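2 protein chains.
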Amino acid sequence: MIRVGAVNIDTSHPLGFGEVMERDNRARYVAVYNDSFRDHGEVEGFIRRFGLERRCDTLEELAEAQEVTVWKCHPHGSMSMHIWAPELHFLDGKWYLYFAAGTREDKWKIRPYVLECTGEDPLTAPWKEHGKMQCAAEDSFSFRSFSLDATIFENKGERYYVWAEKVGVGKQISNLYIAQMETPWRLKTVQVLLTTPDYDWERVGFWVNEGPAVIRHGGKIFLTYSASETGAAYCMGMLTAEEDADLLDPLSWKKERWPVLESSPEKGIYGPGHNSFTTDSEGNDIMVYHARTEKDIEGDPLYNPNRHAMLMRLRWGEDGRPVFSFDS
Amino acid sequence: MIRVGAVNIDTSHPLGFGEVMERDNRARYVAVYNDSFRDHGEVEGFIRRFGLERRCDTLEELAEAQEVTVWKCHPHGSMSMHIWAPELHFLDGKWYLYFAAGTREDKWKIRPYVLECTGEDPLTAPWKEHGKMQCAAEDSFSFRSFSLDATIFENKGERYYVWAEKVGVGKQISNLYIAQMETPWRLKTVQVLLTTPDYDWERVGFWVNEGPAVIRHGGKIFLTYSASETGAAYCMGMLTAEEDADLLDPLSWKKERWPVLESSPEKGIYGPGHNSFTTDSEGNDIMVYHARTEKDIEGDPLYNPNRHAMLMRLRWGEDGRPVFSFDS
Chain A
12 MIRVGAVNID TSHPLGFGEV MERDNRARYV AVYNDSFRDH GEVEGFIRRF
62 GLERRCDTLE ELAEAQEVTV WKCHPHGSMS MHIWAPELHF LDGKWYLYFA
112 AGTREDKWKI RPYVLECTGE DPLTAPWKEH GKMQCAAEDS FSFRSFSLDA
162 TIFENKGERY YVWAEKVGVG KQISNLYIAQ METPWRLKTV QVLLTTPDYD
212 WERVGFWVNE GPAVIRHGGK IFLTYSASET GAAYCMGMLT AEEDADLLDP
262 LSWKKERWPV LESSPEKGIY GPGHNSFTTD SEGNDIMVYH ARTEKDIEGD
312 PLYNPNRHAM LMRLRWGEDG RPVFSFDS
Chain L
12 MIRVGAVNID TSHPLGFGEV MERDNRARYV AVYNDSFRDH GEVEGFIRRF
62 GLERRCDTLE ELAEAQEVTV WKCHPHGSMS MHIWAPELHF LDGKWYLYFA
112 AGTREDKWKI RPYVLECTGE DPLTAPWKEH GKMQCAAEDS FSFRSFSLDA
162 TIFENKGERY YVWAEKVGVG KQISNLYIAQ METPWRLKTV QVLLTTPDYD
212 WERVGFWVNE GPAVIRHGGK IFLTYSASET GAAYCMGMLT AEEDADLLDP
262 LSWKKERWPV LESSPEKGIY GPGHNSFTTD SEGNDIMVYH ARTEKDIEGD
312 PLYNPNRHAM LMRLRWGEDG RPVFSFDS
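Quick mapping for you: the protein sequence lines, in order, are chains A and L.
So in this note's numbering, spot 264 of the first sequence is number 275, and the numbers just go up one at a time.
So in this note's numbering, spot 54 of the second sequence is number 65, and the numbers just go up one at a time.
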C-alpha cells in the first residue's frame with residue numbers, strides 16, 4: 012500500500028498537479044514522478060526522464076515544492092528510455108523506488124526496475140540501482156515481456172508485488188499479475204493472473220489492464236487499476252478481496268463488471284486513471300490520479316503531455332466500498 | 012455440446028477404447044479420433060494422422076466397429092503434422108469435424124481447422140476443408156499462436172466455441188477462451204478468457220488448461236477442462252455457469268479450486284483428462300476420457316502412446332453437480 016507521506020504520481024505533466032489542490036493538509040509529503048515532458052529538447056522528445064521528488068508539509072504545497080533529481084536515466088542500454096510509473100515505498104526501514112523503463116535500442120522492451128536509497132533521507136542520500144526486478148527461481152514467465160506499473164502492499168505479514176505485463180504474439184494484451192515478495196527486489200512466488208481485459212471498456216484502442224493501486228478499509232483490500240488506451244476511454248476498474256483470504260488465489264478477488272471511475276464530460280475530466288492512494292494530515296483518504304481536461308487529443312494519446320495530476324477525497328459508502336466521485 | 016450419437020475421443024491408443032466397455036447400449040454411435048500411433052512406420056513416427064470414424068449400435072461395440080478414413084493429413088504445409096483433438100459436431104443440418112494441426116515445417120504452429128461433410132452420412136459422403144477457423148473481424152488475438160482443442164456448445168440460441176490457446180514469449184501458458192460463433196467456421200465475437208492455470212495442479216510440467224468439454228444439467232452449464240502436462244499429473248478442472256447468465260462475461264463462470272478428477276493409484280488410472288460427454292441408449296450421461304494405466308511414462312508424455320480411451324458413467328449429486336468417480 013502507498014504509505015502515508017509518499018504520494019505516487021503518474022503524470023507526464025507535473026505542473027498540472029497544483030491545479031486541483033484545494034485542501035490544507037499538514038502531513039509531510041514526498042512525491043515521485045517522471046519528468047519527460049519538460050525535456051522536449053532531447054532527441055526524440057521523450058527519451059530523457061528523471062526520477063524526481065518534492066517535499067512539503069501539505070499536499071497543496073506539493074506543486075510548488077522544491078524538486079530534487081534522485082536518478083537519471085542511462086544514455087543507452089537498460090533504463091535508457093520510457094522511464095515510467097515510478098512508485099516510492101518504505102520497506103524494511105529503507106526507501107525504494109520502483110519504476111519501469113525501456114532501452115534506446117528497443118524502446119518497447121520495458122521491464123520493472125528497483126532503486127534503493129542508501130540513507131534515511133530520500134531527498135539527499137544517494138540511490139543505488141538494484142537492477143531489474145527478479146522473479147522467483149521457478150517462474151518461467153514473469154518480466155519476460157513488456158512489464159511495468161508495479162505497486163506493493165502488505166497483508167498478514169506477507170508483502171505483495173502487483174504489476175502489468177503483456178502477453179500474446181503481434182498485438183498484445185496487458186494483464187495484471189500478483190506474487191509474494193522475498194525481498195524488495197525479488198519475488199518469492201510465481202505469478203498469478205489477477206485480471207485481463209474482459210469487457211468493452213477495457214478494450215478501447217488497446218486491451219489494457221495496468222496501473223494497480225491498493226487501499227484497505229474495513230477488512231477488505233481494494234485493488235484499483237486502469238483500463239484501455241490513455242485517451243478519453245481510460246478509466247478505472249476494481250478488484251476486491253477479504254484481507255483474510257488467500258491473495259494468491261484468483262478466486263479471492265472479485266472483479267467489478269463496470270468501471271468505478273470514468274470520464275465526466277460535465278466536469279471536463281477525461282481519462283482518469285493510474286491512481287495511487289495517500290492520506291491527508293487529518294487522516295482522510297486521498298486518491299491521486301491523472302486525467303486530461305480535453306476530450307480530443309492531438310497525436311498518440313501515449314505521448315500527449317496533457318495528463319494532469321489531480322486529487323480526489325475518497326469517501327466510503329455504507330456498504331464499506333470506496334466512493335469515487337469528482338464531486339468529493 | 013457433444014450431441015447424442017457422437018463420441019469425441021482424444022486418445023493416441025484407440026484400441027484401448029474397448030478395454031473399459033462394460034455397458035450394453037442401443038444407440039448408434041459415431042466416434043472420431045486420430046490414429047497417429049498406428050503409423051509408426053512413417054517418417055518421424057507421429058507425422059501421419061487420419062480422421063477416422065466408427066459406427067455401431069452400442070458404445071461397447073465401438074472398439075470393434077468398422078473404421079473409415081474420412082480425411083488424411085497433407086504431405087506438407089498447413090495440416091501436415093500433429094493432427095490433434097478431433098471433434099465431430101452436427102450443426103445446421105451438417106456434420107463438421109473440428110481438429111487442430113501443425114505443419115511439417117513448424118510442427119508447433121498448431122491452429123484449429125474445420126472440415127464439413129458434404130452429405131448426410133459422415134461415413135460415406137466426402138468431406139471438404141473449410142481451412143483455419145476464422146476469428147471475428149475485430150479480433151487481433153485469436154488463433155495467432157498455438158491453439159487447439161476446440162469444442163462447441165449452444166445456449167439460448169447462440170452457439171459458442173471454446174478453445175485453448177497459448178500466450179507468452181519463450182515458455183508459454185495455455186489458457187481457455189470462449190467466443191460466440193457466426194457460422195460453423197467463423198466466430199462472431201472477440202475472444203474472452205475463461206481460465207488460466209492458477210493453481211499448482213494446473214502447473215505441473217507445463218502451465219496448461221486445455222481440452223474443454225461441456226455438459227448441461229439442471230439449468231447449469233458445466234465446462235470441464237484438462238490441466239498440466241499429459242503424464243500422471245494430468246487432471247480435470249471445471250467451470251460452472253448458469254444457463255441464463257451472459258456466457259461471454261467471465262464473472263458468470265465459477266472455477267473450482269481443486270481438480271474434479273485426478274489420478275487414482277488404487278485404481279491404476281493415471282492422468283485422466285481430455286474428456287467429452289455423450290449418453291448411452293438409456294439416456295445416462297457418459298463421460299469419455301483418456302487415461303494411462305502406468306504411473307511412470309517412458310520419454311516425453313506427449314508422445315507416449317499409452318493413453319487409453321475410457322468411459323465413466325456420470326452421476327449427479329443432490330446439489331446438482333456432476334459426480335466424477337472411477338467407481339461409477
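Calculated from the structure, these hints are not laboratory results.
Note that the structure is predicted; figures quoted are calculated from it, not measured.
You may find that some hints are simply not true.
When the alpha-carbon atoms are kept at most 27 Å apart in a straight line, the in silico DSS-like pairs for lysine-lysine are as follows [what the hints assert, rightly or not]:
| id | chain 1 | residue 1 | chain 2 | residue 2 |
| --- | --- | --- | --- | --- |
| 1 | A | Lys265 | L | Lys139 |
| 2 | L | Lys83 | L | Lys167 |
| 3 | A | Lys266 | L | Lys120 |
| 4 | A | Lys278 | A | Lys231 |
| 5 | A | Lys120 | L | Lys120 |
Covered, in the sense of this in silico footprint (three residues per stretch, anywhere, with C-beta under 8 Å from a C-beta of chain L), are these stretches of chain A [said to hold, decoys possible]:
| id | stretch |
| --- | --- |
| 6 | 83–95 |
| 7 | 150–158 |
| 8 | 224–233 |
Glycine included, each C-beta is placed from N, C-alpha and C at the ideal position.
Hints, one by one, checked against the model:
At most 27 Å may separate the alpha-carbon atoms for a hinted pair to count; Lys265 of chain A and Lys139 of chain L exceed this at roughly 45 Å. Between Lys83 of chain L and Lys167 of chain L, the direct Cα distance comes to roughly 36 Å. Violation of the 27 Å bound is thereby established for this hinted pair. The straight-line distance between the Cα atoms of Lys266 of chain A and Lys120 of chain L is roughly 34 Å, outside the 27 Å bound, and the hint therefore fails. The hinted pair formed by Lys278 of chain A and Lys231 of chain A fails the criterion: a straight-line CA distance of about 30 Å is larger than 27 Å.
Distance restraint check for Lys120 of chain A and Lys120 of chain L: the Cα-Cα separation of roughly 25 Å lies within the 27 Å cut-off, and the hinted pair is therefore satisfied. For a cut-off of 8 Å, the count of residues in the stretch 83–95 of chain A with a CB near a CB of chain L stands at 0, and the three-residue condition is violated. Given a C-beta distance limit of less than 8 Å, the hint that chain L covers the stretch 150–158 of chain A holds, as 4 residues qualify and 3 suffice. Beta-carbon proximity to chain L at under 8 Å applies to 0 residues in the stretch 224–233 of chain A; the threshold of 3 is not reached and the given coverage is violated.
The structure does not agree with the numbered hints 1, 2, 3, 4, 6 and 8 stated previously, though it agrees with the rest.
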